[in-house]
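Given these sequences and hints, build the entire structure.
Residue numbers (the numbering used here), protein chains in the order written: chain A, 1 to 253; chain B, 254 to 519; chain C, 520 to 720.
Do not take every clue at face value.
Stated by the list, open to error - Not everything, but these chain B residues come out facing chain A in the computed CB check (under 10 Å):
1) Ile314
2) Leu373
3) Glu375
4) Leu376
5) Ile379
6) Gly380
7) Ser381
8) Thr382
None of these hints come from the bench; they were simulated from the model.
Please read these numbers as outputs of a predicted model, since none were measured by experiment.
Glycine is no exception: its CB is placed at the ideal position from the N, C-alpha and C atoms.
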Amino acid sequence: MPIIKEVCSTGIEELDMKMSGGYPLGSTVLVTGCSGSGKTTMCMQFLFNGARKGERGVFFTITEPLFKLTKNLEGFAFYDKKLIESGMVNIIDLRIISERLGLDTEKYTVEDAGALLDILKDIADELDVKRLVIDSITALCYRLQSPQMIRDFIFKLGTSLAVMKCTTLLTSEVPPQTFKFSQYEIEEFISDGILFLGDVKRKGDLIRTLQIIKMRGTAHSRTKFALNISTQRGIELIPLLKSSEFEFETLLK
Amino acid sequence: MVRETLIDTTLQKKEGFIRTGIDKLDRLLEGGIPSGFTVVLLGSPGSSTEILVKQIATSGIVTYITTEETKDEILDTMRRFNWQIPDIDFVDISEKYYSNILKGEQKRVSIYEQRSKLKLKELIEIGSTGMPSTTTATEDFLAILSNRTKNLAPNRTIIINSLDFFLSQCNQDDVLKTVYAIKVNNLKNKGALLIVMTKGVHGELFERKMEGLADAVLELDVIQKGSSFERYLSVKKMRNYAKKIGIARYVIDDSGFVLEMIERIM
Amino acid sequence: MQDTVIESIRERVSVAIEVNQSVGIQVPENRHKDLLEAIFHSMCRNTYDIWTFITVNQTFDYLTKTFKEITKQPNIKFIDCISRAAGISDNSNNCFFLESPVMLENLILEVMNNFKNKKEAMSNAKNKKSDIDKYIVIDSLGALLIYNDSEIIRKFYSLVMNRSRAENIHVVSIFVEEELNSNQLIQFNDKIIVVRDSFID
Numbered sequence: 001m002p003i004i005k006e007v008c009s010t011g012i013e014e015l016d017m018k019m020s021g022g023y024p025l026g027s028t029v030l031v032t033g034c035s036g037s038g039k040t041t042m043c044m045q046f047l048f049n050g051a052r053k054g055e056r057g058v059f060f061t062i063t064e065p066l067f068k069l070t071k072n073l074e075g076f077a078f079y080d081k082k083l084i085e086s087g088m089v090n091i092i093d094l095r096i097i098s099e100r101l102g103l104d105t106e107k108y109t110v111e112d113a114g115a116l117l118d119i120l121k122d123i124a125d126e127l128d129v130k131r132l133v134i135d136s137i138t139a140l141c142y143r144l145q146s147p148q149m150i151r152d153f154i155f156k157l158g159t160s161l162a163v164m165k166c167t168t169l170l171t172s173e174v175p176p177q178t179f180k181f182s183q184y185e186i187e188e189f190i191s192d193g194i195l196f197l198g199d200v201k202r203k204g205d206l207i208r209t210l211q212i213i214k215m216r217g218t219a220h221s222r223t224k225f226a227l228n229i230s231t232q233r234g235i236e237l238i239p240l241l242k243s244s245e246f247e248f249e250t251l252l253k
Numbered sequence: 254m255v256r257e258t259l260i261d262t263t264l265q266k267k268e269g270f271i272r273t274g275i276d277k278l279d280r281l282l283e284g285g286i287p288s289g290f291t292v293v294l295l296g297s298p299g300s301s302t303e304i305l306v307k308q309i310a311t312s313g314i315v316t317y318i319t320t321e322e323t324k325d326e327i328l329d330t331m332r333r334f335n336w337q338i339p340d341i342d343f344v345d346i347s348e349k350y351y352s353n354i355l356k357g358e359q360k361r362v363s364i365y366e367q368r369s370k371l372k373l374k375e376l377i378e379i380g381s382t383g384m385p386s387t388t389t390a391t392e393d394f395l396a397i398l399s400n401r402t403k404n405l406a407p408n409r410t411i412i413i414n415s416l417d418f419f420l421s422q423c424n425q426d427d428v429l430k431t432v433y434a435i436k437v438n439n440l441k442n443k444g445a446l447l448i449v450m451t452k453g454v455h456g457e458l459f460e461r462k463m464e465g466l467a468d469a470v471l472e473l474d475v476i477q478k479g480s481s482f483e484r485y486l487s488v489k490k491m492r493n494y495a496k497k498i499g500i501a502r503y504v505i506d507d508s509g510f511v512l513e514m515i516e517r518i519m
Numbered sequence: 520m521q522d523t524v525i526e527s528i529r530e531r532v533s534v535a536i537e538v539n540q541s542v543g544i545q546v547p548e549n550r551h552k553d554l555l556e557a558i559f560h561s562m563c564r565n566t567y568d569i570w571t572f573i574t575v576n577q578t579f580d581y582l583t584k585t586f587k588e589i590t591k592q593p594n595i596k597f598i599d600c601i602s603r604a605a606g607i608s609d610n611s612n613n614c615f616f617l618e619s620p621v622m623l624e625n626l627i628l629e630v631m632n633n634f635k636n637k638k639e640a641m642s643n644a645k646n647k648k649s650d651i652d653k654y655i656v657i658d659s660l661g662a663l664l665i666y667n668d669s670e671i672i673r674k675f676y677s678l679v680m681n682r683s684r685a686e687n688i689h690v691v692s693i694f695v696e697e698e699l700n701s702n703q704l705i706q707f708n709d710k711i712i713v714v715r716d717s718f719i720d
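Here you go:
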């Protein structure tokens, strides 16, 4: 009898198809890319489409205030205000939480970050979410003072997420045109999967791309997708058309 | 080099000078600080600069900007020396600063306490509806400094004790700019500007810049001689008054700052 | 003489695109406009059919001015591949402006989504028609080759063909004789029509 793998749909049809149904249930996936590459939209799509199927989700924001996030969502077809009102999608500003905890919102000590992680976990448990997003861990790490603190924090985050039952997306920001998957190069170790939102040059124009770099437990090919952010339909994917010129360029990198 | 011992007699108030209130110092300076002068007082640790400064503060009309001690501490010290305390305009930056630090620290201590008090449901509610209050920017201490030294009555003495604090909070260029602005204001006011700064900690270049900016530079030094310490006040620079340059030994006694011997360096 | 040629193009084209899943039409530059007119004629005939017209040769603005009514038909969606890249800002409900003619993937997405959206809108409408015909017109492949490598256009074209076949969409591809390198692609089509200067093969 074949083992039916439990998956959590990504909210994007093409991606689900590529990964035989979605992210492995309970996995932690790093969504990495430069600013404006569609990370936040992708995570929102994940949450809202999940909520439609009855899976509750929570989105922790660190950089964008709530009103801005919801305003950006308004045009998208996947967005449904009712899902927020009914508590199926929760968007929580971590800065407000840390303020309530009496933390300095711009600078964290290891203890602060630890306390914040605990809260985050408690909130996820309380809401009983199946889907969790932290946007972004780069912004969280930015508030820590030393590389060592950042390492410790990320590993702690990894262990906290591992014991949680929900499927998690972490966004991570990398400077444009870089081919690193994470700012601190350790985020990738705590994640079961990495999606890289980048771009390729074609005749001088940049084409947005998405590549599945790693996805533990799913048979995926590392083919690139062309990614389109439609103002209505959100993130759309289609296999990237390649030419020999194009391969050459990739080789150069 | 001329060696000269001054007789302890009270000097008459001299036009165009602001007295320091320390007789021998006024004598050394032949009447006090020329009005409009910016004086940099360089002190090495242990030289009791703060006592000299407080004593100067008890004479004349003074705006006292304090960064290390609170107003009350200063007043206590003044009383201890039995100085007559005039109505001093205190700008207490130390208190502002300390209360900020304390607030931050208290916050930190109480995270776990807070955590246990907050109900998770409330927290979720707040977190998903509110706006983070804009983080209070650290107070612009230089702005306070420049505001409080503007539009003063004529002949007022401004004491900044000390510049070290501003240098620890702001970058040197910004501090220099502010000091320069105060200097210009003081010149217009025909007052005296006394800036205290610890010697040898802000880099030679910055010290040179400050000495260059100042009209007068006084330096307090402690020198170990055998088993005892000797303290010296030297007048390193006195613009337009070459003969006032000199060095004097001083002690601190019950009455305060006492100059003993003066050597003039011509 | 002139009229009979246009008439015959019209007839041949309208029949061919209805019966074949894919039709490649080779046309000399001086008959290009006549061919467009013939295609537009077919497009207007039945308002139940859904059309997506990809223009790489002319801007949407030009088409509006030249063919007037056609650009206002609600069942016809235009995709203008060149205006944005040329810095022309235009806006219309009936036209999607592609950022650049090299964004071929986005072009495909846009085409497929148009059918999806229109179909949804139609199935919500009162007088339902069970068999909606769907058409894509590409004008022209040679023009796409100005902006893209031939290899990538080949892949693009085959992807369009495959997807269309899967979704039961008719594809009408225009090949302008004078435009180089595109003529080999015509072989992908079920039916090939060659328009000559004065007659049709």
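Honestly, which of those hints from before does the structure not fit? 1
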